[in-house]
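Participant: Residue strings, one per chain:
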Amino acid sequence: MTTGVLSPTGRIRSWTRAVFPYVLAILVAFAVAGAFIGSMGFNVLRAYETILFTSFRTPYGFIQTLTKFVPLTLQALAFTVPLTAGKFNIGGEGQLIAGAIGASVVGILLAGLPGVLLLPLVLLGSVIAGALWAAIPGWLLYRFRISEVLTTVLMNFISFSLINYVATEMWPDPAAGHPTTVPIGKGGMLPNIIARPPLHMGFLLTILAVAFVYIYTTRSVGGYELVATGANPRAAHVYGIDVRKLSVLALVLGGALGGLSGGIEVAGVHHRLIEGLQSNYLALGILTGLIAKGNNLAVPFVAFFIAILEVGASALQRTMMIPGEMVIIVEALIVLFVLLSDVVKVGEGA
Amino acid sequence: MGTHLVSMQGIRKTFGDVVALDNVDFHLEKGEIHGLLGGNGAGKTTLMNVLYGLYQPDAGKIYIRGQEVRIRSPRDALAHGIGMVHQHFLQVPPFTVVENIVLGTLPKLRATTHLEEEIGKIRALAERFGLEVDPLARVEDLPVGVRQRVEILKVLYRGVDILILDEPTTNLTPQEVDALFQSLRFMVDQGLSVVFITHKIREVMAVCDRVTVLRDGRNVFTVSLKETDEETLVRGMVGEQLDVATSFLFSGRREEARPRSFGPPRVEVEDFAVMGDDGTLAVDGCTFHVRAGEIFGLAGVAGNGQRELAEGLMGLRAVARGRAHVNGIPVQEGATREILNSGVAYIPEDRLEDGFLPRASVAHNLILGYHTRPPYRKGWFLDWRLVFQTAWDLIREYNIRTRGPHDIAANLSGGNIQRLMLARAFAHPMKVLIAHNPTRGLDIPSMEFVYRKLLEQRAQGVAILLISEDLDELLLLSDRLGAMYEGRILGILEHPPFDKYVIGRMMAGIPAETR
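Protein sequence lines correspond, in order, to chains A and B.
Each residue of the first sequence is one higher than the last, beginning at 41 in the numbering used here.
Each residue of the second sequence is one higher than the last, beginning at 4 in the numbering used here.
Just so you know, the hints here were simulated from the structure itself, not pulled from any lab data.
Because the structure is a prediction, the values reported are computed rather than measured.
Cβ atoms here follow ideal geometry from the backbone N, Cα and C, with glycine treated the same way.
A portion of the hints provided could be inaccurate.
What the hints assert, rightly or not - Stretches of chain A that chain B covers, calculated by requiring three or more beta carbons in the stretch to come under 8 Å of a beta carbon on chain B:
hint, region
1, 251 to 263
2, 274 to 281
3, 300 to 309
Stated by the list, open to error - Below 30 Å or equal to it, Euclidean Cα-Cα: the simulated BS3-like pairs (lysine-lysine) are:
hint, chain 1, residue 1, chain 2, residue 2
4, B, Lys456, B, Lys434
5, B, Lys381, B, Lys203
6, A, Lys285, B, Lys381
7, A, Lys285, B, Lys64
8, B, Lys33, B, Lys64
9, B, Lys203, B, Lys503
Next comes chain A alone, as it looks inside the complex:
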C-alpha cells in the first residue's frame, strides 16, 4: 500500500527534490534583487558579477572571504548546535562579546607569557566565557523554565554594556577615538598560516570546530541524545534522557562556539577588544543556520557562500556605489524563499 523500496531513479529524484528548492530560492532571490538594482539605475549584470566573483578574482579577495567565513561559521554553529536539541540560541552576539572579553582579559593580564602558553589560554578564556554566558539562560531555563529565546537575546544587551565598561574603564586605550582596550600580549595573537595576504590560524580552528561538532552530533552518545531531544523531547524523556539537563548542555555548547568566534576576532583580527567587533555576525549566523536548515554539516558550505556575498557586498559599495545593504536583501530573500519552499512542500503533502 505504501511507497515500497525506492528505485535508483527514485533516489535521484529525492536528491533533486532536496537541492532544487535551494537553486530556485537563490535564482528567485537574485531576480527580485535584480529588479531593485535595475530600478535604482545600476547595471544588474555587472552588480551580480561583482557580488559573485570578487572573492575569486584576487588572492586578497579570497583570503578576505576565508576570514569572513570564520565568524560566520562559528556563529551559525552557535545557533544550529542548540537547535539540534530544539533550543533557540539567539544570543550568539552576546556570547561572541563575552568570548572576546574573556580572551582580552587573559591576553592583557597574562601578556608576558610565551605564545605556547598564552595563545591556548586566550582561546580557552574565550570558550569558557562564551559557555558561561550561555549557561545563564541555560540555568534560567532549567530552574524556572524561562524561554531561552527571550533570555539569550536579553543577554546580548547586557554584553553591550559590559564590553563598553571593559573598553572604557578597565584597560582603555587613550589613543583610540573609540572604546578600545590596549592590545593583548604578542603571544596571544593567532599566527598566520598564509603570510601574504594574511590568513590567520582561526580558519583552521573553525574547520576543527566544524569537525568536532559533526563528530560529536553524529557519532557520540551525547550527540545522539541531542538529536533525540530535538526530534521529540517527550519521547526522549520517556526513554530515559534527561531532557532538561541536555537543553542546558546544548545552550552551553552553542555558547562555547559563540565565545570562540569572539576569541578569534580578538586573537586573530583586532588583537584587542574593540566595541562593535561583533559586527552583524549574529544576524548573518542565524541566517546561515536557517538556510542550512539547522544541518550542522551544511553550515560551513552555506557560510562560505554567504562570505562570498558579503565580500562582494563591500566591493559593490566601493566600485559601483551600490549600497552594500543590497546584498543583505539578497541574503534575506534567499532565506525567505528557502523557508517558503518548505511551506509549499508541506502544502503539497497535505
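Got chain A sorted already, so can you dock chain B onto it with the hints?
Facilitator: Quick look at chain B alone, frame taken from chain A:
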C-alpha cells in the same frame, strides 16, 4: 433495478499515493443492521466518511432512496437523513446532556434558551429507542456507555433514519455492549437502518443482519449472516496474509500448557499512587505483582489511570504514595534510565508522542533507550556499524518499509512506525515488559505477530504487564487479569478462564464480590 435505501457504487478515494478505497460498492437496505467489517486500514471508516460528506470521493456515485446525490458536507448528509457517530465523541463535558444534544441546532441566538420542550423531545426519543439517559445530567459525570447513548441521541434528534456507528464498542464494558446491541435492535424495529463499522467478527455475528467485508480498500464480499460463518468472515478479512488455521488470534483456544510454573515476582507494586496531569491522584493505591514468565493483564476503560500507572512504573511521574519495584529497581521519578537499563522494555500507549523521533533516522529510533549501554555504547561513542547492522536486520525481520537505517523516520507510514516501535521493544533482551495497548492501530497480521512475540517472551521468562483496552486481547493472553477503575484495581482474577462479565462489572466500578 431495485432501490436500495443507500447505494454507493464504484467509490474510489486516494490520499496522495495511497489508494484508500478502490471501486467499492456498498448497499444498505431499510431496516437492517449492516456490518462493515475489516482490519485496520481496510477502508471501512473512509467509506462511511465519504457517505457522511467528510471526504469527497475521486470517483463513484451515491444514491439515497433511489436519487443520485452529492454529499458535500455532514450538513448535506444530515439533510438526507444520514447521521454518524464517530469513535471519538464530540461533546462538551461540562454541559448537560440536553445542552450537548441541541448544540448547533437552535435556529437563532437567544438571550435565554428554553430547553423544556427539547427535554421532552429527548425523553421521548430515548424511550422510543431504548437509550436510557437523564437529559439533565452533566456529560462529564457519565460513564462512557451512557456518553455514547448521548452521541447516538444527538444524531437521532436531528431526525436521521440512517445511523452510522464507527467502532461503537470501543471502551464499553461487556454489559454496555449488550445494552447497545439491544437498543440497536430496538432502533431497526422502529424503522431505522444502521451501518455498524467494526473489526470484531464476534460483534458482527451477534448483532448484524448482513455484512460487507472490506480488505485493503476493496470489496471482498457482502453476505447475509444466515448464509455465512465465522471462518468465512475471518478468511474474508485477512485473505492470504495470514494462515487462519494456525493463527493464534483466531484459534479461540488458549494454550494447553497450563497450569504452568511462574518465577519470582519481577514487578511488585504496593499501595502505589501517582499524580495525574490535573493534580489529582490518577493512580490511587494499586497493589499487584507480575511474576517472571506470566502475563498480567490489566483491563479498564481508557482514562482510569492506566497511562499514569505505566508512566509511574517507568519513573516518569512522581510517586505520591506507596512503593513499587520494577526488576528490583525502586521506582521513583527520574529512575527511568536505571529501570530501562536493568532490562525493562516499555511500549507506551501513544507511540507517536511518547516513542517516536520523527526528525531523526530510522536507526536513531531503533536504539532509543538502548543507546547508553552495550553493545551499542562504546565509551563516549556509539558503535554505529553495529547499530546499522542491527537496524538492517530489524528492518527485514519486522518488514519495515523504508529506504534504510539512514532514512528520516518521518518518511514512514503509520503502520511502519508501529512496526519500528515494536521492533525496538522486542529486539532487545529483556526481563520485564510493560506494554500499553500494544496492538492499537495494527492490522490483523501485525496483531497476530505481536501476540506471538508476547507469548515468545513469556516462554522465555519475561514478566509482562499488559495494559489494554481490548478485553478480547486480555482474555486471550493473560495468565492473571485485573481491572482498573478510577485509579484503583478493583479485583484480580487469578486463573483463566476469565468471566468477561465479572471483568466488565469491575471496569464499570463494581468490585468483584468474591474471588
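Participant: Now, for every hint given, state plainly whether the structure supports it.
Facilitator: Tested hints:
As drawn, the region 251 to 263 of chain A meets chain B at 4 residues by the rule of a beta-carbon pair under 8 Å; at three or more, the given contact holds. Given as covered by chain B, the region 274 to 281 of chain A passes the check, having 8 residues with a CB less than 8 Å from a CB of that chain where 3 are the minimum. With 0 residues carrying a beta carbon less than 8 Å from a beta carbon of chain B, the region 300 to 309 of chain A misses the three-residue requirement, and the given coverage is violated. Note on B/Lys456 and B/Lys434: the hinted pairing holds, with a Cα-Cα distance of about 14 Å set against a maximum of 30 Å.
Straight-line distance between C-alpha atoms of B/Lys381 and B/Lys203 comes to about 48 Å, which puts the hinted pair past the 30 Å bound. Straight-line distance between C-alpha atoms of A/Lys285 and B/Lys381 comes to about 22 Å, which keeps the hinted pair within the 30 Å bound. Under the criterion of a C-alpha separation no larger than 30 Å, the hint pairing A/Lys285 with B/Lys64 is inconsistent with the structure, at around 58 Å. With a CA separation close to 19 Å, the supplied pair B/Lys33 and B/Lys64 stays within the 30 Å bound.
Of the supplied pair hints, the one linking B/Lys203 and B/Lys503 holds, its CA atoms being roughly 16 Å apart against a limit of 30 Å.
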